[in-house]
Amino acid sequence: MSNDNTSHANSAKNNILQRLALAGLDANDVAAVKGKGSVDSLTLLVDEPAVELRQSFVDKMQASHAEVIACVKTDLQKTINDLLVRKQFKQLLISERVGWVKDMDIGDTQCLYFADNIESFKQQLFTDIDAAITTSHGSIADTGSIILRPDSVEPRSMSLVPPVHIVIVEEQSMHPNFAQVMKQEQWQTCMPTNMILVSGPSKTADIQQTLAYGAHGPRELIVILVAAV
Amino acid sequence: MVMQYTPQTFKENSAEALADDTIRNNFRGAMDFLQAKRATVLPDKAAFDVSSKRGEAIKLRCLVKLPELLEKLEDQCKANGIHVHWAETCEQATQIIDDIITAKNGSKVVKGKSMVTEEIGLNDYLAEQNIDCIESDMGEYIVQLGGETPSHIIMPAIHKNVEQIAELFAERVPGVEYTTDVNSLIKVGREQMRQLFLDADVGISGVNFAVAETGTLCLVENEGNGRMTTTIPNTHIALTGIEKVIEHLADVPPLLELLTRSATGQLITTYVNMISGPRKVDERDGPEEVHLVLLDNGRSQAYADEELRKTLACIRCGACMNACPVYTRIGGHAYGTVYPGPIGKIISPHLIGLEDSKDLPTASSLCGACEEVCPVNIPIPSILQRLRVETNKKSSSAAKIMRGEGSGRSFIEALGWKGWAFFAVHPALYRMGTWFATRGRKLIPTFNNPWTVSRSMPKLAAKSLREQLKERG
Amino acid sequence: MSDFIKQYPAKPKKVYLYGTCIIDVVAPNSGLDAIALLEREGLEVVYPQGQTCCGQPAFNSGYSDEARNVAKAQMAQFPEPWPIVILSGSCGGMLRKHYPRLLANDPEVEAFSQRVFEFSEFLVHVLNIQLDDLGEQQRVAIHTSCAGRRELGIHDAGVSLLKQLKNIELVDYAYEAECCGFGGTFAVKHSDISTAMVEDKARHLSEANVDCYISSDWGCTLNINGSLEHQNMSLRGDYLASFLRQRTDVNNISHCAVSPSDKRDER
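Residue numbers (the working numbering), protein chains in the order written: chain A, 6 to 234; chain B, 4 to 476; chain C, 354 to 620.
Simulated from the structure, these hints should not be mistaken for laboratory data. Note that this is a predicted model, so its numbers are computed, not measured. We put the CB at the ideal spot given by N, CA and C, even for glycine. Heads up, a few of these hints could be off.
What the hints assert, rightly or not - Computed, partial: chain B to chain A, Cβ under 8 Å: (1) Phe36; (2) Gln38; (3) Ala60; (4) Ser139.
Stated by the list, open to error - Listed next, the in silico EDC-like pairs over lysine to aspartate or glutamate satisfying Cα-Cα at most 20 Å (straight line): (5) Lys127/A x Asp285/B; (6) Lys359/C x Asp52/B; (7) Lys450/C x Asp202/B; (8) Lys283/B x Glu57/A; (9) Lys542/C x Glu19/B; (10) Lys41/A x Asp285/B; (11) Lys127/A x Asp202/B.
So here's chain A without its partners, still in its complex pose (with noise of 0.2 Å):
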């Protein structure tokens, strides 16, 4: 249902393009700028130990107003185990790929997964929702910040809505930069429908320069640092 094919609009691109072409830049103008600002040709992309990446990471999270809670593979369930026991939410959302989840016992919380599609569970998801837990696709120690790559399993709206987000995060996928990450991975070939980094809970210093937490995305963000051995 888009007009992108109408005369109108070509002709809009067309006029554009042309008012752009009054510039009267040519390949001579293109080739001397190829490469210019590049990544590639910089001295970015750093080899640092994994105790200092994954101690930034900690220091940033944290100054963000993220709770980490360390742990080791081995002890991942307890660890959720015990988070849920304390928080002791009514309705917690999770997916398959923590699917453990459900059998754990945690008092009166209720474990769902998300419904076929939003649309049956907005009000839901918005109102009756305390936290949700997804996974992650890795972290940067830099910046602090958590690698998201929603999918069918894990929608979106996830890591979003609840206003408590749990986010398990593996050691093992922590990168020192953004731009590193994004070589490594060949970002440019993958691009999902959406990808997100995520540094803190949500926040906003609107009014009067004055740092509040909690804006519209999630208040709390919880993050399981998960370590290999």
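For chain A, the structure is supplied; the task is to place chains B and C on it using the hints.
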């Protein structure tokens, strides 16, 4: 209809703002705060020189290749399922957006923060079509509540202090009592918006970077309203100026880093949202339709000129206005333009015409504080000087570079400078002039002029330096 | 952007002096003081009588053609390959940074602009001047023009010169790097805004409780002194070369606030 100052009355607007102690204090406090924040994340001048040169190089490359990149962006977006529309003018853009909303029978529109939507006057336009369009960004929400326009491109409500906001909420939000507790005020905003996000059928956003290589729209924010706007409603419309196109995905990290550090003194914003298409068949949420509207509105005029093209390198960080001694004192509304501050002065003549904005390029002492903090090295003082040349141009048959060229030309002033230049290239005449001035200095009548309203007149010496040196031999 | 000079020439025997149009008619003693300091360091100073104005007033007002003609005329006054010592950061920026833009087609302009040195940077980086302070204890503040600070990067040179004076306390003050509001014709075209800026600058300098402030640019000084005088505030500023000479000239020690050079010019 939103209260609006106009750029044509810039001098009156600024006089009014200068006399307003609340504006003076609010802005001084806010600018000091933002400059301090920037300094904590960009403490090293040499390092900033390196990264800003890189930012400049990236933007230059993308601008030189702009026509090709726009077509690539369109192709990639379409391949991803994003509809692409081109708008030459604000009217075309609002019409396109209106048509999309109408086609989807949309009635509740939620907006993420977008200065380009301000540029096209979207809120007022939709209101006239009886379509509710509510701002979800906290600062924009405050501004909309107060019937105003944003006064800063990053922090829209920066002109208000907490008491003013508390009063506004108590007055205009049902069931809210006066409180200056910021957390409580934010909670009010969150609660008001929540139902709106739920109910909205169309979400409208801006774009920070539009990546041609992958057909990806990158948006940055701290609040989460941008993600809400672009995720929950069934239709997402993204609006951007054509200059925001970036060539490679790999160009995003260095520009992102410069943007967040320059804008709010953050290493990164809470959310960096990268959208590359509508909801896929197997996905369970996200908009089923995504539209991208590309707006020209005068940007192509800046593009055609090599020097003025640099104006389009702007990544809309706002650092220039934070550093500007003029903006700090008159605030954002006095400019009367959608974009205020130094960037506003150099972009507005292209968007609305030099004839309507001719007081803006002269409203600068060319101190260079803006250029010093610009993360993509836009030579703002040089461009201001160039715009002054364009304002004063004599009408001729030569092809016009800018709409409104020559609209500020004053015959008297032009004659004055010609006369002055004549003296300055004829040293004998110049010497005679200075001789008369120094000898007759006590006869020069003191009369009220824009200098003497606040400063004593400079006193001339008895004998010029030139004369004294001539006498020495 | 910050393409400040990285390599200065060795100490020359001869230099040109560019006095600036303001110093010529308002503060000639500042010019004489600058010459005296250069001559004391063993230089021969040549002042081409045909110099008039750098062209900046027309340039900043958007009259590039007129500015260009004036610029060409100035360049012709300095034909020998000697350094040109200029007594203002603002005019210095015009010659070093803007002449190459204005006269882009002139094959001589690059070489010319690279011969231009602002007074304080010349003293520090070319002459490596050593100053022996013979004056009394005083507190001063420094004001560097925006062009000097941002186009030429000379603020540090001014600071280092003042710090050499052992009886001078160089005092920090609020918003030191902010523009004083002069901006040439900006001061009259947008005098409301300019006034707000200069009144803030005057207040911040006064609150520093100094005996005087030292400026390397007479444009700024006229602006700030003008505001101070208009507001009946007692603080005044003086030109850097005059201040340095007054403190180090064994024959003629004097102190600012008692005999600023513009007062000496009036007879």
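- Query: So which hints don't hold here, by number, going up?
  - Reply: The structure conflicts with hints 2, 7, 8, 10, although it agrees with all the remaining ones.
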